[in-house]
Amino acid sequence: MLKVDNIQVYYGMINAIKGVSFEVNEGEVIALIGANGAGKTTILHTITGLVAPKSGHVYFEDKDLTKIPPHKIVYLGMAHVPEGRRVFQQLTVLENLKLGAFSIKDNAKIEENLKYVYAHFPRLEERKNQVAGTLSGGEQQMLAMGRALMSNPKIILMDEPSMGLSPLLVNEIFKIIGEVSKDGTTVLLVEQNAKKALSIADRAYVLETGNIVMEGKASELLNDPRIKAAYLGE
Amino acid sequence: MSSFFSYLISGISLGSIYALIALGYTMVYGIAKMLNFAHGDVIMIGGYIAWLVFSSLGLPVWLAIICAVIVCVILGVVIEKIAYKPLRTATPLAVLITAIGVSYLLQNTALLTFGPASKTFTSVVPDSLGISIGGIDITGETIVTIVVTVLIMVGLTLFVNYTKSGKAMRAVSEDRGAAQLMGINVNRTISLTFAIGSALAAVAGILLCSTYPQIGPYTGAMPGIKAFTAAVFGGIGSIPGAMIGGIVLGIIENLSKAYISSQLSDAIVFAVLIVVLLVKPTGLLGKKINEKV
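Sequence lines, in order, name chains C and H. According to this note's numbering, the first sequence is numbered sequentially starting from 56. According to this note's numbering, the second sequence is numbered sequentially starting from 261.
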């Protein structure tokens with residue numbers, strides 16, 4: 056479904072991504088784990104066109120995303136929950152969600168998606184007229200996820216959904232990621248919280264300073280001594 | 261007392277023109293994150309087009325207004341495409357200098373085309389519209405300026421808050437990258453902003469030249485700077501701020517001309533700006549700058 060093919064990304068002189076390739080199949084939950092600065096966010100930004108790769112390609116259902124303007128990518132069925140949520144602070148919760156459905160013309164479909172989002176995040180419905188900037192961190196994460204789901208994506212890319220949240224909220228967010236996956240949305244998850252990410256993922260890739268150093272089934276990586284030592288703190 | 265009200269009303273009228281210009285500054289700043297110092301000169305071009313069609317060729321008023329608006333919209337969008345878009349990722353200083361360059365380009369183009377002497381502008385408002393209430397004479401220009409400004413402000417507020425394009429503008433204004441992820445075409449949104457700002461500039465130009473019936477290559481320069489001041493005064497980036505800032509500025513300017521000194525009125529206007537910025541650096545309605553957490 057999604058194929059990242061040997062991408063190289065530079066920030067000025069710095070080679071941030073050094074030829075990364077990986078694949079996501081339909082229906083999978085794929086985790087991309089690694090330490091701070093490994094290049095996880097850069098990879099997601101490259102996929103959705105916020106950063107242009109120096110070389111390499113990103114194929115989504117056989118279309119080369121590196122040749123498509125960034126604002127058209129959501130129309131293909133790919134949504135991105137960016138790092139740090141990046142909800143529109145001065146807009147209300149409902150306005151944020153409606154903007155998530157910017158790519159959809161059919162109002163009935165938008166209402167249907169809104170019901171779906173409210174079913175998963177009842178808190179958002181309670182606060183729909185509140186300005187997003189006044190929400191708590193956890194609520195903003197829910198809003199960022201809800202906003203992405205409003206576009207009816209085939210695949211959703213999530214960047215550090217657990218960042219800055221209490222363990223209780225992290226559990227809630229991951230429970231919802233599981234539900235979204237069960238509903239048929241493919242998930243590409245970037246996380247520093249390797250334990251959580253591997254517990255929910257089917258497969259995972261381990262990223263170190265711009266290279267993929269390990270890959271495999273999430274359940275196997277969870278028990279791998281090197282992963283345990285480097286990422287799980289055991 | 262009646263003279264006070266008459267100064268007040270003409271101040272509101274002048275301030276309305278500043279507000280219309282300030283809206284262009286503030287919207288472009290909010291969405292494209294740049295100060296378009298050529299904005300004042302777009303007003304001047306709008307004035308010249310209206311003069312050409314109405315005063316010079318003697319064609320109907322509505323045609324003059326439509327022509328001025330269309331030419332300014334095209335001009336604004338083309339300026340953005342040619343001069344500013346290539347600098348989207350450049351430093352703010354480079355963009356600022358480019359804007360000043362565009363401003364001189366427009367002034368000198370007008371100078372070459374129409375000559376240095378000011379032309380007499382025939383007011384687009386018929387004299388019969390003027391009224392007199394309780395001994396205060398209110399000119400037709402004043403009435404039309406205030407009414408048109410109020411209508412535009414209401415329309416613009418509705419547009420920005422309730423239409424899909426308006427919401428896209430607010431999203432781009434806050435976070436360009438996140439807006440793109442929603443499927444919003446950032447370049448088109450910026451073009452639309454320049455188009456709206458330039459249309460307002462054309463209207464402001466016609467109203468300005470009708471009230472002070474002259475048009476020259478530098479007609480837009482000073483009102484442009486005053487309107488920029490108004491936008492900063494009200495809180496740059498804020499639409500209601502530009503409206504309030506413009507009107508307050510017009511009133512201060514007119515009252516100081518009437519009661520203090522006509523030579524000092526500009527100095528007083530800028531002194532008030534300095535005081536406001538010292539007390540509230542983001543302007544009257546300026547938003548607190550959100551630090552990234």
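Treat the hints with care, since some could be wrong.
[Claimed, not checked] Far from chain H by the CB rule (all over 10 Å, computed), these chain C residues:
1) K58
2) I231
3) A285
[Unchecked claim] Covered, in the sense of this in silico footprint (three residues per stretch, anywhere, with C-beta under 8 Å from a C-beta of chain C), are these stretches of chain H:
4) 360-374
5) 420-433
[As the list claims (entries may be wrong)] No more than 30 Å apart at the CA atoms, straight line, and that leaves these computed lysine-lysine pairs for BS3-like:
6) C/K118 <-> C/K73
7) C/K122 <-> H/K293
8) C/K160 <-> C/K209
9) H/K341 <-> C/K127
10) H/K293 <-> C/K58
11) H/K424 <-> C/K153
12) C/K153 <-> C/K170
13) H/K293 <-> C/K118
14) C/K272 <-> C/K73
15) C/K237 <-> C/K153
16) C/K127 <-> C/K209
17) H/K540 <-> C/K127
18) C/K160 <-> H/K517
19) C/K122 <-> C/K164
20) H/K379 <-> C/K160
21) C/K230 <-> C/K209
22) H/K424 <-> C/K170
23) C/K183 <-> C/K58
24) H/K341 <-> C/K183
25) H/K293 <-> C/K127
26) C/K73 <-> H/K424
27) C/K160 <-> C/K183
28) C/K164 <-> C/K183
29) C/K109 <-> H/K293
30) C/K153 <-> H/K293
31) H/K293 <-> H/K379
32) H/K424 <-> C/K109
33) H/K540 <-> C/K160
Quick caveat, the hints were computed from the structure, so don't treat them as lab data. It should be emphasised that the depicted structure is a prediction, and the values quoted were computed from it without experimental measurement. Don't be surprised by glycine CBs; every beta carbon is placed ideally from N, CA and C.
Comparing the hints with the structure gives:
The claim that C/K58 is not at the interface with chain H holds, since no C-beta of that chain comes within 10 Å of its own (minimum 20 Å). Every Cβ of chain H is farther than 10 Å from the Cβ of C/I231; the closest lies at roughly 19 Å, confirming the non-interface assignment. Consistency note on C/A285: stated as away from chain H, and its beta-carbon is indeed over 10 Å from all of that chain's, at 28 Å minimum. For the stretch 360-374 of chain H, the proposed coverage by chain C is not satisfied: 0 residues have a C-beta within less than 8 Å of a C-beta in that chain, short of the threshold of three.
Closer than 8 Å: that is the beta-carbon criterion, and the stretch 420-433 of chain H has 5 residues meeting it against chain C, so the requirement of 3 holds. The hinted pair formed by C/K118 and C/K73 meets the criterion: a straight-line CA distance of about 22 Å does not exceed 30 Å. Between C/K122 and H/K293, the direct Cα distance comes to roughly 27 Å. Compliance with the 30 Å bound is thereby established for this hinted pair. Restraint check: the Cα-Cα separation between C/K160 and C/K209 comes to about 17 Å, which is no more than 30 Å; the hinted pair holds.
Proposed proximity of H/K341 and C/K127 is supported: the alpha carbons are some 20 Å apart, at most 30 Å. The straight-line distance between the Cα atoms of H/K293 and C/K58 is roughly 36 Å, outside the 30 Å bound, and the hint therefore fails. A threshold of 30 Å between alpha carbons decides the hint, and for H/K424 with C/K153 the separation of about 9 Å falls inside it, so the pair holds. A C-alpha spacing of about 12 Å is found between C/K153 and C/K170, which places the hinted pair at or below 30 Å, so the restraint holds.
Simply put, H/K293 and C/K118 have alpha-carbon atoms about 33 Å apart, too far for the 30 Å limit, and the pair is violated. Of the pairs offered as hints, the one joining C/K272 and C/K73 holds, with about 23 Å between alpha carbons and a cut-off of 30 Å not exceeded. Under the criterion of a C-alpha separation no larger than 30 Å, the hint pairing C/K237 with C/K153 is consistent with the structure, at around 24 Å. About 15 Å separates the Cα atoms of C/K127 and C/K209, which keeps this hinted pair within 30 Å; it holds.
In summary, the hint linking H/K540 to C/K127 is not supported, as the alpha carbons are separated by about 41 Å, beyond the 30 Å threshold. Note on C/K160 and H/K517: the hinted pairing is violated, with a Cα-Cα distance of about 54 Å set against a maximum of 30 Å. The suggested pairing of C/K122 with C/K164 holds, with an alpha-carbon distance near 29 Å, which does not exceed 30 Å. Pair hint H/K379 plus C/K160 does not hold up; C-alpha atoms about 50 Å apart against a cutoff of 30 Å.
Using a Cα cut-off of 30 Å, the hinted pair C/K230 and C/K209 holds, with the two alpha carbons roughly 19 Å apart. Of the pairs offered as hints, the one joining H/K424 and C/K170 holds, with about 20 Å between alpha carbons and a cut-off of 30 Å not exceeded. Restraint check for C/K183 and C/K58: not satisfied, since their Cα atoms lie roughly 36 Å apart, outside the 30 Å limit. Proximity of H/K341 to C/K183 is assessed by CA-CA distance (about 38 Å); at most 30 Å being required, the pair is judged violated.
Distance restraint check for H/K293 and C/K127: the Cα-Cα separation of roughly 23 Å lies within the 30 Å cut-off, and the hinted pair is therefore satisfied. For the hint linking C/K73 to H/K424, the alpha-carbon distance of about 40 Å lies beyond 30 Å, and the restraint is violated. Our distance criterion of 30 Å between C-alpha atoms is met by C/K160 and C/K183, whose separation comes to about 21 Å. Among the hinted pairs, C/K164 with C/K183 is consistent with the structure: their alpha-carbon atoms are about 18 Å apart, no more than 30 Å.
For the suggested pair C/K109 and H/K293, the alpha carbons sit about 27 Å apart, so the restraint of at most 30 Å is met. Simply put, C/K153 and H/K293 have alpha-carbon atoms about 24 Å apart, close enough for the 30 Å limit, and the pair holds. With a C-alpha separation of about 35 Å, the suggested pairing of H/K293 with H/K379 is violated against the 30 Å cut-off. Our distance criterion of 30 Å between C-alpha atoms is broken by H/K424 and C/K109, whose separation comes to about 35 Å.
Taken as a hint, the H/K540 and C/K160 pair is broken in the structure, with Cα atoms around 43 Å apart against an allowance of 30 Å.
When the structure is compared with the earlier hints, violations turn up for hints 4, 10, 13, 17, 18, 20, 23, 24, 26, 31, 32 and 33 and for no others.
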